[in-house]
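Keeping their order, the protein sequence lines are chains A and B. Just so we're aligned, residue 1038 is where the first sequence starts under the numbering used here, counting upward by one. Just so we're aligned, residue 146 is where the second sequence starts under the numbering used here, counting upward by one.
None of these hints come from the bench; they were simulated from the model. Built from N, CA and C at the ideal position, the CB exists for glycine as well. Heads up, some of the hints might be wrong.
[As the list claims (entries may be wrong)] Label pairs and their calculated CB-CB ranges: (1) A:1099 / B:389: 18 to 24 Å; (2) A:1386 / B:494: 50 to 56 Å; (3) A:1141 / B:393: 44 to 50 Å.
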Amino acid sequence: MIKPLSLGFAAATLGFLLAGPVQARDLTVTSWGGAYQDAQREIYFEPFAEKTGDKVVEDSWNGGIGVLRAKNEGGESAWDVVQVEADELVQGCEEGILEPLDWQELGGEDAYLDTAVNECGVGTIVWATVLAYDAAKFEGKEAPSSWADFFDTKTFPGKRALRKGPRQSFEFALMADGVPLEKVYEVLQTKEGVERAFKKLDSIKDDLIWWEAGAQPPQLLASGEVVMTSAYNGRITAANQEEGRDFGIAWDAGFVYQIDSLVIPSNSPNKKEAMDLIAFMVAPENQAKMPPKIPYGPTNKAALDQVPPEVSKNTPTDEANLPHGLFFDRDYWVDHTEAMTERFNAWASQ
Amino acid sequence: MSETVAPLAAPPSSGAIRRAKRRSDRARAWRAFGLTLPLLGFLLVFFLLPIADMLRLAVANDELARAMPAAATALRGWDGEGLPPEEVARTLAGEMRAAYEARTLADVAKRLNNDNPGYRSMLMATGRKLPDAPPDDALGALAAIDDAWNNPALWQAFRRAAAPWTDLYVLQSLDLERGPDGAIQARPEGQAVYRIILWRTFEISLLVTLACLVLAYPLAYKLAHLDEGTANLLMILVLLPFWTSLLVRSAAWIVLLQREGPINGFLQSIGLIDAPLALVFNRTGVLIAMTHVLLPFMVLPLYAVMRGIPKSHVRAALSLGSTPFTAFRRVFLPQTLPGIGAGALLVFILAIGYYITPALVGGADDQMLAYFVAFFTLQTVNWGMAAALASVLLVAVTALYFLYARVVGIDRIGVGG
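Between the sequences and the hints, there should be enough to build the whole structure, so can you do that?
Now the structure itself:
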């Protein structure tokens, strides 16, 4: 009875020992998967592999600083280039699990939007949470054009949806309450500011539905569940292009934009190749190829002009749109997400 | 006969036989125990140790001691009155700068932020701005970087972070906190949320269990009284949901229950309602979807128990003059109690841990405790809070289980015939 067990154990131990040191492996890039990564493969990964002769292996993930931490523990990272959101970039860099980038190779900090520059990461796309509505429902009527309209259930009756939780709900509530864009986070730093946001949300509490996943807002609009919603701009344009919807985005109402960055785990064995791939991905001529496929804005200033106007108007970085954008304050939200989520849930339970 | 009987060399004493028997018994007992070793090992490694570790994480407080050991020691020696003495501040400032350079300050900043939101970015900024050599007037230098260093509250937060253990997370998960004087007090209204959520978790789980019981009992009864072939066929329909992803099932309920969905459409077309009902993104949706997902866990034990009840029992009652209802109530129902007990416990315990279904089909005030455990684990990586909430749930469920065992009787829970 003992024998097969100990034999199996010995075999497993032996296997472990033999597997031992990790061999040099192919350059591995990790992104969000789905249609977005398909586009990245076509315009970045395959051309890069062709140009350099290096093989590019792909992986995908759903984000989370915990995942990056786990990858950083023990030995070499299995990933070389990772696309991250703001929270992971800020915390990962502070914790030293991300490698500082060689900004010389990227063409210097000045070539990019200010908000896309970080010691450990370079922005690759600009995406936005916007006010979206089904234009078909507003034919012959005035469509919502501000966050004040979103909170005005008299003129625009019907349910509306926001992302579950305090993030962005607070920003939009304050915008609706007349706080200018540049003052939003200043106001949120104060107790009164947070009260003000809750008071505004309270005014339409019974008409609010809270969405959880980015795929939900277009569905909520399509099914007529809500008349307007906050949504990721890429999802709205995709619904228009692929499902023939007539969803509108009120860019002028104000939107919150965020930047996804490319980073290198500090224990990557392929740092040089990783840096080369990142430089390739953020080069203006390559970045400009993304918006026609998926309407996220480029971060390289030189790429902005290379995007055709009919594509650019659907991106947050379009010159007509960007002035209405509020850059998501990652420091505020890394500090306050927990406390505000508690308060949000206490408010929701009332 | 005498030819076949060989003389015994030395006839064993009865004591020797007893000893030999004891030896062989013991060997058999050890062998039997040995067979359970893999299971015990498995339980230990994958069940008991993680639970122990979770309980430890709920009170763990070693972030400061790991990144800034000398400062932690100095802070422990300080009485906590007003601002700390200059040498404590100097030790802290020196180690803070070093920790910033070594990129270990983030852990400390996050720990302090758990105590008071906003401290994280302030501490990271301080680490960035401090000079490499510890300044002569450390208190003054720190205060020049940020006014918060003049506030004893920050230093007390540091002192709390220097202690070997913390009750911060456990208290917070019970809507309690330590006041400025160190006494335990209730958290202010507007921040107290976890008791409401714990109560809500039990309420939803209980309602789902009841709904499952009401729906599953007649179904299991019907199945148990069909011939085996038909019963097996219908059983596949009961089990079908098991083979569909939880996400798909939850999403399907959104489609069915939405304002312009088929259920509202049908109810409106037969004139039962004038305006569409709000069936999803609220409590109703959560109860419907969770009941559907968990129904098989109630049907299976009930069916197993009912199959084991001889049909002759009810027939005997009827032939002795009982009405059908009395026969059911006094003969059939009591024999199904173990199945009810097992099914109810199974559904209730599973329901308590749900978070994906309520997250998708519920509103903002329908989220259960597991949603917040996931929030702290995955989104904000505050394992202290996640572990504390999970521990609260563990304790509550264990207490409930013992209460249940006491009231219902543990031997009544089972599926055996």
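Status of each hint after checking the structure:
no.	hint	result
1	A:1099 / B:389: 18 to 24 Å	holds, 22 Å
2	A:1386 / B:494: 50 to 56 Å	violated, 24 Å
3	A:1141 / B:393: 44 to 50 Å	holds, 49 Å
Of the numbered hints stated above, the single one contradicted by the structure is hint 2.
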